[in-house]
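Peer 1: Here's the letter readout for the chains.
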Amino acid sequence: MFYSIRHVTRFRYSSPVRESVMELRMQPRSEGPQSLRSFQISTNPRAQLYAYTDHAGNAVYHFNVLRAHEELRIEAQAVVEIFRTQPLPEAADTLEWDRYNVYNLNDDHFDLIEPSRYTEFSPALKAFMAEHGLDQPKGDPLSALKALNHTIYESFEYVPGVTQVHSLIDHALEIRRGVCQDFAHIMIAVVRKWGVPARYVSGYLYHRPRSDGKRERSAQSADATHAWVEAYMPSLGWIGFDPTNDVLADERHIRAAVGRDYADVPPARGVLKGVAESELAIAVSVEPTSAPIRHEDFLRIARPMATPKPTPSMPERLYHQQQQQQQ
Amino acid sequence: MTVAAAKAARPGLDAPFTKYALSSAYDEMFSPDGTVRAHYRTLHTALAALPPEELYRRQQACELSFLHQGITFTVYSDKQATERIIPTDLIPRLITADEWAHIEKGLKQRIHALNLFLKDIYNDGRVLKDGLIPRSMIYGSKHYRREMRGLSVPHDAYVNVCGTDLIRCENGRFAVLEDNLRVPSGVSYMLTGRDVVRRAFPDLFQAMRVRPIDQYPRELLATLRSLVPFHEDASIAVLTPGIFNSAFFEHAFLARQMGVELVEGRDLLVNDNVVYARTTSGLKRIDVIYRRIDDDFIDPLIFRGDSALGVPGLFNAYRAGNVVIANALGTGVADDKAIYTYVPRLIRYYLSEEPILDQIDTFRCREKNSLSHVLANLDTLVVKAVGESGGYGMLVGPHATKAQRENFAEKIKADPENYIAQPTIQLSTAPTFVEGGIEARHIDLRPFILHGEETRLVPGAFTRVALKRGSLVVNSSQGGGSKDTWVIGDGA
Amino acid sequence: MMLSRVADSLYWMSRYLERAEHTARLLAVKLESTVEQTREESENSWLRVAASLSSEDFLAEKPDGFAVTRRLAFDHYNPSSLVSSLAFARDNARQVREQLSNEVWEYLNRLYLRLSPVTAEGIWSQQPARLFREALEEIYTLGGVTDSTLNHREGWYFLEIGRNIERAQLVVRLLDLHFGTARALVKAEPSYFDWIVLLKYCNAFEPYCKEYTAIIEPEKIAQFLLFDFGFPHSVRYAVDRVCEALTQVAPGAPPSRREKVERLAGRLKAMVDFTQIDELIGGSLSAFLADITNQCEDIHEAVYASYIAYGAETVL
Chain A
1 MFYSIRHVTR FRYSSPVRES VMELRMQPRS EGPQSLRSFQ ISTNPRAQLY
51 AYTDHAGNAV YHFNVLRAHE ELRIEAQAVV EIFRTQPLPE AADTLEWDRY
101 NVYNLNDDHF DLIEPSRYTE FSPALKAFMA EHGLDQPKGD PLSALKALNH
151 TIYESFEYVP GVTQVHSLID HALEIRRGVC QDFAHIMIAV VRKWGVPARY
201 VSGYLYHRPR SDGKRERSAQ SADATHAWVE AYMPSLGWIG FDPTNDVLAD
251 ERHIRAAVGR DYADVPPARG VLKGVAESEL AIAVSVEPTS APIRHEDFLR
301 IARPMATPKP TPSMPERLYH QQQQQQQ
Chain B
1 MTVAAAKAAR PGLDAPFTKY ALSSAYDEMF SPDGTVRAHY RTLHTALAAL
51 PPEELYRRQQ ACELSFLHQG ITFTVYSDKQ ATERIIPTDL IPRLITADEW
101 AHIEKGLKQR IHALNLFLKD IYNDGRVLKD GLIPRSMIYG SKHYRREMRG
151 LSVPHDAYVN VCGTDLIRCE NGRFAVLEDN LRVPSGVSYM LTGRDVVRRA
201 FPDLFQAMRV RPIDQYPREL LATLRSLVPF HEDASIAVLT PGIFNSAFFE
251 HAFLARQMGV ELVEGRDLLV NDNVVYARTT SGLKRIDVIY RRIDDDFIDP
301 LIFRGDSALG VPGLFNAYRA GNVVIANALG TGVADDKAIY TYVPRLIRYY
351 LSEEPILDQI DTFRCREKNS LSHVLANLDT LVVKAVGESG GYGMLVGPHA
401 TKAQRENFAE KIKADPENYI AQPTIQLSTA PTFVEGGIEA RHIDLRPFIL
451 HGEETRLVPG AFTRVALKRG SLVVNSSQGG GSKDTWVIGD GA
Chain C
1 MMLSRVADSL YWMSRYLERA EHTARLLAVK LESTVEQTRE ESENSWLRVA
51 ASLSSEDFLA EKPDGFAVTR RLAFDHYNPS SLVSSLAFAR DNARQVREQL
101 SNEVWEYLNR LYLRLSPVTA EGIWSQQPAR LFREALEEIY TLGGVTDSTL
151 NHREGWYFLE IGRNIERAQL VVRLLDLHFG TARALVKAEP SYFDWIVLLK
201 YCNAFEPYCK EYTAIIEPEK IAQFLLFDFG FPHSVRYAVD RVCEALTQVA
251 PGAPPSRREK VERLAGRLKA MVDFTQIDEL IGGSLSAFLA DITNQCEDIH
301 EAVYASYIAY GAETVL
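Chains as they are written, first to last, in this note's numbering: chain A, 1 to 327; chain B, 1 to 492; chain C, 1 to 316.
Be aware that a few hints might be false.
To be verified - No farther apart than 27 angstroms at their CA atoms in a straight line, the calculated lysine-lysine pairs in the BS3-like style are these:
#, chain 1, residue 1, chain 2, residue 2
1, A, Lys138, A, Lys126
2, A, Lys193, A, Lys138
3, B, Lys413, A, Lys193
4, B, Lys368, A, Lys193
Simulated from the structure, these hints should not be mistaken for laboratory data.
Based on the provided sequences and hints, a complete structural model is requested.
Peer 2: And the structure:
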């Protein structure tokens, strides 16, 4: 199965800004059943792009724009091929839990079983777990995680814009509403509490028209990137869970970057100079063929779901920060 | 010599030492029986012969000179910032050539091991796989920088400037108390202190053949230059948080002494992965940055996004090898007070050598047995938060009230991994001029180690002195002063 | 090479010192001359001092000598007071401590530490003029120390630019109060004494007498303070120094970036070089003074646009 992905990000500023510096994590990963066929990024104003691979194996592109600009537009285009994988068993075997003791000692997994900034084991999470009988996982790991996936789906309402990019899970836990990022963080926090390595996946989802006429929840916000969870099973490897849509990740989930949580893998982050209000628009299209995309300007103003606004450097902070500790 | 010794002014009895009290602590000048240690005789005789008024006059002149030169640090209260000088005690602290040789060898060994450790944890993680150090201590440290994984740094030298705090224990041996591997400060006090003390005691200085330290800025420059292949042409800058930083004087001082630019983050910009300074004539490329800013603030793109002190894009330029940052980022993981307890093991592990310098016995509260021991003996222990420095977040058990101890016990129980405890060590005492007389005050010792292509030490240190009688806290933010440190020549 | 931020600090350090010097001199001269004036004359000339260095709402308070002195000299909340100017000068110097000689820094630091704690109440009963005389002498000495211990290279020329732009503007402001639109701020016409005091404000009394004898004529005072080519406190002299200094800064900058600054400075120089006072008296002097002030502003902005706050993309 081939997908063509087009991801446009546009910042508009109320007055000219200078010296923008940006980092992008938008390139689909090429591993396992997913294979990257082509990828390109263009920016306007134009900039020289640089790339590196971060410590989690994500491809990172970065660039800077010195001159004053009122708009910055980033367009990423990718073609990805995804192979169908062997279907998973209904359940893992009962000895699976014992195998974690060995695997959790592994270097690669250490960061993924400890709470991180957005996956804190907070009192609100503790209460949520108690409320839904999640203190201990029930059954084998795969069954327990599937059940958790479903519990989160059932417990929260999907409402774009009720939480912010930098919201902690407590916010969504309190209002019982949120978006994919919140659901992924909550699931990761619970899974890690159970001692299962879990990571955050940022990527894209192809919303296939379904025979039953229903749509996935996340399709309500077609202009956003998607996020879900991967958990490690010693005998099955990494398995993707999408609590937003109550499904396991399959050949429609296109993985771009993985990390401990959102903070490790924002699709775009930046810093600029100048004082201006900024307006962010994101548009994402995922098409199963490589047919040309028809609408030249298909940007719609969207809430900043997955991309923080660039931080202006603020002179007022200077005084306070200069007083930092010296050894 | 026996005659002179018999007539020597005795501690607690003869002027000017009538208030000089010997305690269980090792005294630098007097043996426990009150006789003068051999290497202190010249100084002792000079002090005994000097009228107190004259000493007072020289002390005043020295303090005024510091104030006028602006050798100050800044103390912040609610609204006001006050500039204070670090009180400098005129009476030098003496170290023999043999003692120094031992310290130097031990410190070189230590920095060597710590650099190998840093290289290891940011690359292969051999020490973790071998189970020498628990992973949680590394990955759980707030100073561990995942961004540094797999990056190579010139000569594998992560720590280029290190300030290690040593103390002399009751048994007379030097022991390491703490390593400062991020942005150690105090070297400017070592250098400026030397100037005024040499001026106050020119004859003594000459007679005791004190080894020079003025070459420190040149050695630092050479160390920084050694980090790039084109040494002589390297364009070097000292990166400071700015004039409101307590150590700003030192940043400016070092830049001037080395003849390099002193820059703030806002002077620099990154374009196409290259770092430039904004000058009146245009942009000038920068090759090496001696940074005195914490990791967190150095690049708002990668680390703290609200940092106004850093340079956006700097880390990526660093990753690309287009600029060298000294010290490297992420070195703080190795000066954590909990890692400290492992350093002797690290020395054996990486160098297959026995540690040359002693360390203080330390209890890790993360370990159950240690925790219960610490909680049961809070009245005799010093407890410290692992990630802090500057005397903050610490409890000195014997000097604390019952309420303070109970309060602190709760903090330890809430987060045992964050605390270590050590027995209360009587830092050694040295003659110090106070309120018209000469008394014994507790001191420590911070030599500076430079490490690039080679490892260098100048024979001197920043000696901190607790000016309050009986106090063991020498930090300048907590009322400590400084002393000039004289490493004296053989046979002087 | 010189960092733009360093040039900025040197420039402002020098401007603030010039303002401190000017303030100290005005207060010293005014306090010394009070004894020779009638009460009413004295009140009016205090108002002129106030008007030359502070905003108009302060004038509305009808301040007396004590209030003016307190406000202009010792008010830490007034950003242009003597102590504030010294504090700003010192802050800027501290920023670039490593660029200054020890002597310059120590002298300025001492001066600040000495004057900062002084209050008007504390000195008013004991010959307040003396304090300002002493401060003035120390500022002059600092000028001499600067000239003789600092390398006369780029940094020193930025000091020159700052000092002389400030000086030109301060002298023009005084002239405006006596000849121009600002004259209306003080109701009474300047008296004979006021003209002498004006010269003294600019250190110009004796040099003027040498040039024009002791006969005091407003027109000649204006001629002297505006157009004398050798007198260090004349506008023309200050403009000459700015032009000269501009040729010495930013040695590596391409001609395209120098062009605008040097053109603006050259235009002002031509204006003060080739204008005569009789063309202005009775008509356009007000406009002429305003023009000088504006052109100084333009030069300031051009220096910033070319050497200090330029867009990085323009120099790659």
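Peer 1: Indicate, hint by hint, whether the structure satisfies it.
Peer 2: Results for each hint:
1. A:Lys138 <-> A:Lys126: 17 angstroms, holds
2. A:Lys193 <-> A:Lys138: Measuring from Cα to Cα gives roughly 14 angstroms; hence the hint holds.
3. B:Lys413 <-> A:Lys193: The hint holds at about 21 angstroms.
4. B:Lys368 <-> A:Lys193: 22 angstroms, holds
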